[in-house]
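J.: Since chain A is already given, all that's left is putting chain B on it; use the hints.
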Amino acid sequence: NAGVMQNPRHLVRRRGQEARLRCSPMKGHSHVYWYRQLPEEGLKFMVYLQKENIIDESGMPKERFSAEFPKEGPSILRIQQVVRGDSAAYFCASSSPDSREQYFGPGTRLTVT
Amino acid sequence: GENVEQHPSTLSVQEGDSAVIKCTYSDSASNYFPWYKQELGKRPQLIIDIRSNVGEKKDQRIAVTLNKTAKHFSLHITETQPEDSAVYFCAPLNTGTASKLTFGTGTRLQVTL
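Residue numbers (this note's numbering), protein chains in the order written: chain A, 1 to 113; chain B, 1 to 113.
Some hints could be false.
Unchecked claim - Taking lysine-lysine pairs in the DSBU-like style, the calculated list, with each CA pair at most 30 Å apart, reads:
{"no.": "1", "chain 1": "A", "residue 1": "K51", "chain 2": "A", "residue 2": "K27"}
{"no.": "2", "chain 1": "B", "residue 1": "K42", "chain 2": "A", "residue 2": "K62"}
{"no.": "3", "chain 1": "B", "residue 1": "K22", "chain 2": "A", "residue 2": "K44"}
{"no.": "4", "chain 1": "A", "residue 1": "K27", "chain 2": "B", "residue 2": "K71"}
{"no.": "5", "chain 1": "B", "residue 1": "K22", "chain 2": "B", "residue 2": "K42"}
{"no.": "6", "chain 1": "B", "residue 1": "K71", "chain 2": "B", "residue 2": "K22"}
{"no.": "7", "chain 1": "B", "residue 1": "K58", "chain 2": "A", "residue 2": "K44"}
{"no.": "8", "chain 1": "B", "residue 1": "K42", "chain 2": "A", "residue 2": "K27"}
{"no.": "9", "chain 1": "B", "residue 1": "K58", "chain 2": "B", "residue 2": "K68"}
{"no.": "10", "chain 1": "B", "residue 1": "K57", "chain 2": "B", "residue 2": "K22"}
{"no.": "11", "chain 1": "A", "residue 1": "K51", "chain 2": "A", "residue 2": "K62"}
{"no.": "12", "chain 1": "A", "residue 1": "K44", "chain 2": "B", "residue 2": "K68"}
{"no.": "13", "chain 1": "A", "residue 1": "K44", "chain 2": "B", "residue 2": "K42"}
{"no.": "14", "chain 1": "A", "residue 1": "K44", "chain 2": "A", "residue 2": "K71"}
{"no.": "15", "chain 1": "A", "residue 1": "K27", "chain 2": "B", "residue 2": "K68"}
{"no.": "16", "chain 1": "B", "residue 1": "K68", "chain 2": "A", "residue 2": "K51"}
{"no.": "17", "chain 1": "B", "residue 1": "K71", "chain 2": "A", "residue 2": "K44"}
{"no.": "18", "chain 1": "B", "residue 1": "K58", "chain 2": "A", "residue 2": "K27"}
Hints are computed from structural coordinates only; laboratory data are not their basis.
For reference, chain B alone in the conformation it holds in the complex:
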């Protein structure tokens, strides 16, 4: 099965700074790369995703970049705000052989004032 790792496991930034979270995966055939945000006690929410035929995707303050050769993709959050504080999970997927998401270990982001 897919092995998924995230770094760092915790990240503290000041409001207005940028945050970057990296996700490394093992299945070279993975072709769908979502990021989920989970606030304390809440459901995971899909915030951005990218397909393997695209190297980068941006949605306002959030972007995802993909390096298929190195088998990693990263979440970038610019101009961080306190409401960005949450746990972020990556969940790469090989849509050809599986439908279940294999979640990374999570990154706890704390945005301080």
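Okay, chain A solo, but in the shape it has when bound:
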């Protein structure tokens, strides 16, 4: 049973470009969460999705950031027109509908140059 998968593991973008981060939840998990971790800081919640639905996006910046979890395929976190302050590790976690235990993927480390 594969764990949570994220790709790419490392992503370098120039200012103004777009970043797309992908997350495949564990088998049997239909809930996906995205968190951001700045260097030397804790994890901050961004968005919670279920298949085809955004449940809670209270942690998402109002502009440039969007997320989706389509019926088929991975969840995608999209950052448009990246700025240096977007440089961080982005972690995805998943859980099953009947459990609160969240299991994390290896993260995508985004560097904006």
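T.: Below, chain B without anything else, positioned relative to chain A:
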């Protein structure tokens, strides 16, 4: 939202000693209390959790104790080993109103030989 604090922020112990990390939270309705371990450059890993109807839970060298009245819970690691060196995060959750984890500020544990 939930306010979460951890103490201490850094902790250095000698191999074989015990380590205790305390997490204080604000939402009295929180009912799920996990602890995550994050090694440098790695994903957060769920190491132990406790539900509000239980006061203590133990798993080999790791234990968690909960004091709901005082709104704090603690991670106990006995017989520490160098591989316990990591940053530890608590993330209390009120499963009735939220699914997102609110992480504490983290405690950096260093186990020295």
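J.: Does each hint hold? Answer for all of them.
T.: Consistency of the hints with the structure:
no., hint, result
1, K51(A) with K27(A), "holds (13 Å)"
2, K42(B) with K62(A), "holds (28 Å)"
3, K22(B) with K44(A), "holds (20 Å)"
4, K27(A) with K71(B), "violated (35 Å)"
5, K22(B) with K42(B), "holds (23 Å)"
6, K71(B) with K22(B), "holds (11 Å)"
7, K58(B) with K44(A), "holds (28 Å)"
8, K42(B) with K27(A), "holds (21 Å)"
9, K58(B) with K68(B), "holds (18 Å)"
10, K57(B) with K22(B), "holds (15 Å)"
11, K51(A) with K62(A), "holds (22 Å)"
12, K44(A) with K68(B), "holds (24 Å)"
13, K44(A) with K42(B), "holds (16 Å)"
14, K44(A) with K71(A), "holds (26 Å)"
15, K27(A) with K68(B), "violated (34 Å)"
16, K68(B) with K51(A), "violated (34 Å)"
17, K71(B) with K44(A), "holds (21 Å)"
18, K58(B) with K27(A), "holds (28 Å)"
In terms of the numbered hints stated before, the structure departs from hints 4, 15, 16, listed from lowest to highest.
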